[in-house]
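Top line first, the protein sequences correspond to chains U and Y. Mapping to my numbering: the first sequence position 559 is 559, numbers consecutive. Converting from the second sequence to my numbering requires adding 1000 to each position, the first position being numbered 1.
No lab work stands behind these hints: they were computed from the structure. Even for Gly, the Cβ is constructed at its ideal location relative to N, Cα and C. Be aware that one or more of the hints could be misleading.
[Unchecked claim] Per the computed footprint, the stretches of chain U lying under chain Y, defined by three or more beta-carbons under 8 Å from a beta-carbon of chain Y, are:
1. 110-121
2. 214-228
3. 605-613
[What the hints assert, rightly or not] Under the rule of at most 16 Å between Cα atoms (straight-line distance), these lysine to aspartate or glutamate pairs were calculated in the EDC-like manner:
4. U:K548 to U:E519
5. U:K600 to Y:E1264
6. U:K166 to U:D194
7. Y:K1506 to Y:E1395
8. U:K159 to U:E207
9. U:K612 to Y:D1193
10. U:K480 to U:D570
11. Y:K1499 to Y:D1424
12. U:K42 to U:D66
13. U:K600 to U:E532
14. U:K342 to U:D236
15. Y:K1286 to U:D399
16. U:K42 to U:E426
17. U:K612 to Y:E1240
18. U:K337 to U:E19
19. U:K612 to Y:E1236
20. U:K63 to Y:D1277
21. Y:K1312 to Y:E1283
22. Y:K1192 to U:E611
23. Y:K1286 to U:D54
24. U:K548 to U:D479
25. U:K594 to U:E526
26. Y:K1440 to Y:E1462
27. U:K665 to U:D681
28. U:K140 to U:D155
29. U:K635 to U:E645
30. U:K501 to Y:E1247
31. U:K136 to U:E107
32. Y:K1064 to Y:D1193
33. U:K501 to Y:D1267
34. Y:K1488 to Y:D1477
35. Y:K1064 to U:E611
36. U:K43 to U:D66
37. Y:K1064 to U:E604
38. Y:K1419 to Y:D1477
39. U:K501 to Y:E1264
40. U:K387 to U:E426
What follows is each chain in one-letter form.
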Amino acid sequence: MCCAVHRNAQYSTVYNTSEKTFDKILIANRGEIACRVIKTCKKMGIKTVAVHSDVDSSAVHVKMADEAVCVGPAPTNKSYLNMDAIMDAIRATGAQAVHPGYGFLSENKEFAKRLAAEDVTFIGPDTHAIQAMGDKIESKLIAKAAQVNTIPGFDGVVKTAEEAVKIAQDIGYPVMIKASAGGGGKGMRISWNDEETREGFRFSSQEAASSFGDDRLLIEKYIDNPRHIEIQVLADKHGNALWLNERECSIQRRNQKVVEEAPSTFLDPTTRRAMGEQAVQLAKAVQYSSAGTVEFLVDSNRNFYFLEMNTRLQVEHPITECITGLDLVEQMIRVAKGYQLKHKQEDIPINGWAIESRVYAEDPYKSFGLPSIGRLSQYQEPINLSKVRVDSGIQEGSDISIYYDPMISKLVTYGATRAEALARMEDALDNYVIRGVTHNIPLLREIITHPRFISGDISTNFLPEVYPDGFKGHQLEADKRRELLASAAALYITTQLRSQKVLGSLRVPSSPIECNHWELCVELGEGHHSMEVTKSGNVYTVEVDGGKVEVSGQWNLASPLLPLTINGTDRMLQCLSRDASGRIVLQYLGTSFKLRVLSKLAAELNSYMPEKVPEDTSSILRSPMPGTVVAVSVKPGDTVAEGQEICVIEAMKMQNSLTAVRQAKVKNVHCKPGETVGEGDLLVELE
Amino acid sequence: AVRARPPLAPVKHGAVAAAVPQTNLRRDCRWYSVSHLSVKERIDKKRTAALVGGGQKRIDAQHKRGKLTARERVELLLDPESFVESDMFVEHRCSDFGMEQDSNKVTGRTHASDLCNIMDQAMTVGAPVIGLNDSGGARIQEGVESLAGYADIFLRNVLASGVVPQISLIMGPCAGGAVYSPALTDFTFMVKDTSYLFITGPDVVKSVTNEDVTQEELGGAKTHTTVSGVAHHAFENDVEALLNMREFFNFLPLSNQDPAPIRESHDPSDRLVPSLDTIVPFETTKAYDMLDIIQTIVDERDFFEIMPNYAKNIVVGFARMNGRTVGIVGNQPKVASGCLDINSSVKGARFVRFCDAFNIPIITFVDVPGFLPGTAQEYGGIIRHGAKLLYAFAEATVPKITVITRKAYGGAYDVMSSKHLRGDVNYAWPSAEVAVMGAKGAVQIIFRGKENQAEAEAEYVEKFANPFPAAVRGFVDDIIEPSTTRKKICRDLEVLASKKQVNPWKKHANIPL
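Chain U with its partners taken away, still in its complex shape (with noise of 0.2 Å):
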């Protein structure tokens, strides 16, 4: 239902309940981290706290805790990141520790001297260590200091081209030059040898006088195809720490991580001991305690170069705990109470292989996933397969709100092998029921079933590469069109059976004499597929553009779960909807299709139907997700060219511009700023 389900082993951890810790935590979060905190604590034989803001009241976290405490209303400015109500929910309830879980107050030093100053533990590391690692540059300075590799740079004035050469030399290509006043990847040049970087100079340095006024160039190396690869570590307030192996997180969209592994394909056992060893010594460096993740980018030649350090829990640290057997939160909390750690460097093994889907309510179609909100109407986990964790925090009838994070739940996989693990993930992604939020399972499914990444072939730039175009679902090979045709023509005929079976009357008894073969069209897309069916018990054999297809299935027609051995093979498919009308959508191969099946009489008579015209979407603006208005950037009867932007919309915490798809004069704005809206509210009518 929610959170770790410990029907299969996760961590090997022994629970040592002598060892006093604390009596009371407050976990300073909400959904699935607080659930998951909770969790530990209560195997510890911890008591809990909870802290919830008022849209929250009934959440599981909630439930889960023996006490809560509201903080605030629904905004996380208000609540979740309110301190003065949390610092008054420790007093009341008198919590001797806190838990900040990951985002919120976990990196907060402010919030750590608070606690400090009250003589409540903070689960994390001390203030020093976040200050120090929450600064960009200066962590940087530490890392050099610490003999972690960060990656080779210049900034300066260069003043010819072969000392920009020379430069670029020392570092080794590839590198980038850009003017050091432009800001992000403006003006970039990628250099692979020595007559690239004398034109890269040349570009950059009369931009850098002209467009800046300023001379100083930046060279450095460039990453190409980098990974993102990151080390968990492990300390204690004693001066010992461990490196737990690592996370490839390569597999990001806008620079947030989707799908996460441990261990990674790429490294072999030096680079992630040389990894390892780096990132223990950057933690020992600021005396670091406690978990936490120091960052790397990997090169394709497996160099790797210190991004930044994260000192709190990682969402995406069950695969860690998966393959190591720690449980985390109880080493934190142990670690958080002075003991010392118990693990040597050499008891750390790398057990298997786990892999972590991170499931959103988001649509992956646009922009590889937007956020959607909307209540769980149907909700089901796929715990009742073996090696399967989903860590969530929410359950059938919970909101999705415009307030926080968008996250459904950490879908988790594991086994003896990476194949072992991907096979399960596949199963586990089509058992998942999810209804009443758009979700990201399609993307999800396409990504660990796409032989780039089966292959191990994977960068940061993973999901643009494979698809320039974006996101468009599952396409369908022949034979799969026909199995999932099929289906739907099984699954129509089923119902209609169904439908005549009728208890219990008191007129005429004898069971009516059933067809057994049919002609059928089923609609996909713009596609027209006629079909003759034939039933023999409860196996359909379809045949349907030049192919031969046979269904069989327990046919359950409540279930949303469509279990169905198509050709021979299992395949879990989903029944998202069915109307009277003969609309259905499955859910394939993770993609849900939209179908409709009609007998061949129906389909003939469908065909005189007139086409309605949808709605003329080129002259009006709809808000694309719920969301606030954060700016209206016209006003009626100006002029907006083609991509001008139009409003700014934001939900969970990102801001999304809404542009014009031609150019044309503003008619009608039916928006302004700090309204909420729904999706498909009209915001801007063009003329």
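Following the hints, position chain Y against chain U.
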């Protein structure tokens, strides 16, 4: 024992169709199933003949208008690709009839008499009547004779009312006197953009009231399903409408002598619904969607809503519980706080009476803050319209199960299938508040002009805004965990299946119209 749903025998063209008597049908059916092929051949032959007979032009014209021909409509309603052999027979009969209509040989008068015959037959044997209406109105040339024809049909509609279910599907213009046949039937469904219902068309309206109005605005599907409440549902086109009609028909019993149908169900009757434990928001002022509750409780989330776009503060429709058809009535907190007003009272009352007439148990979900106040409502006669809903619930003798999810205030509490109106089983969720009115209003009246209203309000909430006062007096049978609601209702329906309750003899009752 499993049996086939009764087949239908509809007809079209300003018209009504009757389902064929089922008992007779069986005998015929056996015969036809033997000689099944020859029947098919005959149908094919007739079909071809109809086309050859110069019909193609008219058929094309009809298609161009985005409509199907009468024969096509009947065929689709009784789809020959149907799933049980017996339907073949019906299709045959109806096609015959439909083809006659198409070739347009019948005059208004004979037309009407044919319809009357079928309706009489339907009533005698107890079979539902479906009308597929597409008629321009009375033929002026036929004069009083066509008026008589209408009246004959109206009379049959009235006599059949409450005996067999009557459904009208408006698939084209239906103007003048003709509109009263659908108005007399139990349900009127329309097809968007191609069907109209009005007493007088835009031209006459213009000359009489000087209003400029299009056919669509005056009597289109949108008008009648959102503004006037004349129609109960609108569908995109003919095919959608007919396919939905098939689905809808499966909810209904054949006649008032038949029990509500029980379809094979795959949804466990003891299924718990944990999401219901959190659906009612903590704040009593916050809305939630009653449809969420209904859909999770009924079989397979399958709810056929009646009038989904009219008087949305009350939700009515058909569903199944453990396979058995039930009528659902629920206040909708999402719209106007779920209060009862004129339109929602009438909408609810008509639905409740249909269920009662045809042995369909009624499940009522209550979250009602009261009747809507104001001059508009009072002048409009909320008293007599509200009384209709009260009357309907009180009069109903079918099994009545009520679940109070939150507010049940004042007179509206009494109305909504309360224990006092012979509710068989009345449940309250822990979030229920059964009281004369909300805390704020009550305190303002009781402690008028006094200080510390807030304190008094808290006391009132403690005393009255909970299910206990009603429970201790036996006005609710039990306070239940919301998650167990489906399980409990299914069990109660099982027990109540044999319920027999008779109202005192009367010629007919006198509902406050």
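inquiry  = Run through the hints listed earlier and report the numbers of any the structure violates, in increasing order.
reply    = 1, 2, 5, 16, 21 and 27
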